[in-house]
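Here is how the chains run, residue by residue.
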Amino acid sequence: SQELEQSPQSLIVQEGKNLTINCTSSKTLYGLYWYKQKYGEGLIFLMMLQKGGEEKSHEKITAKLDEKKQQSSLHITASQPSHAGIYLCGLSGGYQKVTFGTGTKLQVIP
Amino acid sequence: EPEVTQTPSHQVTQMGQEVILRCVPISNHLYFYWYRQILGQKVEFLVSFYNNEISEKSEIFDDQFSVERPDGSNFTLKIRSTKLEDSAMYFCASSEASGGATQYFGPGTRLLVL
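Going line by line, the protein sequences match chains A and B.
Letter 84 of the first sequence, counting from 1, is numbered 84 in the working numbering, and no numbers are missing.
Letter 7 of the second sequence, counting from 1, is numbered 7 in the working numbering, and no numbers are missing.
Treat the hints as calculated values from the structure; they're not laboratory data.
Glycine included, each C-beta is placed from N, C-alpha and C at the ideal position.
Take these hints with a grain of salt, some might be off.
[As the list claims (entries may be wrong)] For the chain A half of the interface with chain B, some residues (derived, Cβ under 7 Å), not all of them: (1) Gly31; (2) Gly40; (3) Glu41; (4) Leu43; (5) Phe45; (6) Met48; (7) Ser57; (8) His58; (9) Lys97; (10) Phe100; (11) Pro110.
Turn these sequences into a full structure, and let the hints guide you.
The following block contains the structure:
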C-alpha cells in the first residue's frame, strides 16, 4: 500500500504563476522532507518539516505541515523555468530510511 | 559546499556480472545510505550503514547486494551477479546523524544490465 501519495502527478504552468503540490501520508507524520530531482543532479534537499503547523520557506518555495490531516503542501510563488523538475516528498522513518512519495513532475513554460 | 559524489555516472554490464558502485560521502558524515530508482518508479531505500555495520536494510537488499566502507572516504555497493531487474539509478546519500537528520544525495549511477 502507498504510504505517501502526491498530487498532482504532473503539472505544467506558465512562468510567473503560483502552484501547489500536495503530499498525503497514510501514516502519522513525524517528519517530512521535500526534495527536488533533476536529471544528473540526484535529489536536492529543499527543506524538512518536523512539527505540526510548521512552515518553512526557501527563496520562493514554501512548505507547510498539517499533522492532523497527515498532509504537507509545497507552494511555489511566481514560478520560473529553474523550478522545473520532479518534486518528491519523503517520510522520515523515525530511524534512518526515508520513504519517498510518487513524485510530481513540474514543467514551467517560459 | 560539500557534496556527495558517485562514480561512475553510467555503467553497462552483462547479466551475471559483478558491479561495484562507488560513493564518496560528505566528509564529516557518519551515516551512509543507498537507494535505487527503477525507471518511472519511486526512489526506494536499500540499506543504511553506520560504524562499519549495516544498521537497516530493505527486503530488496538480498544476498546479492553488499556494502563496504573500504577506507575513510569511500562507500561502495556491490551487486554480485547482476540481473536484468537490477537496471536502475542508484543513489548514495549521507547524513551527520540518524533519526531524522537530513540526508544529502549524490547525482546517482545509472546501471544498465543487458
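To see whether the hints hold, each was checked on the structure:
no., hint, result
1, Gly31, "holds, 5 Å"
2, Gly40, "holds, 6 Å"
3, Glu41, "holds, 6 Å"
4, Leu43, "holds, 4 Å"
5, Phe45, "holds, 6 Å"
6, Met48, "holds, 6 Å"
7, Ser57, "violated, 17 Å"
8, His58, "violated, 13 Å"
9, Lys97, "holds, 4 Å"
10, Phe100, "holds, 4 Å"
11, Pro110, "violated, 26 Å"
In this structure, the hints that do not hold are numbers 7, 8, 11, in rising order.
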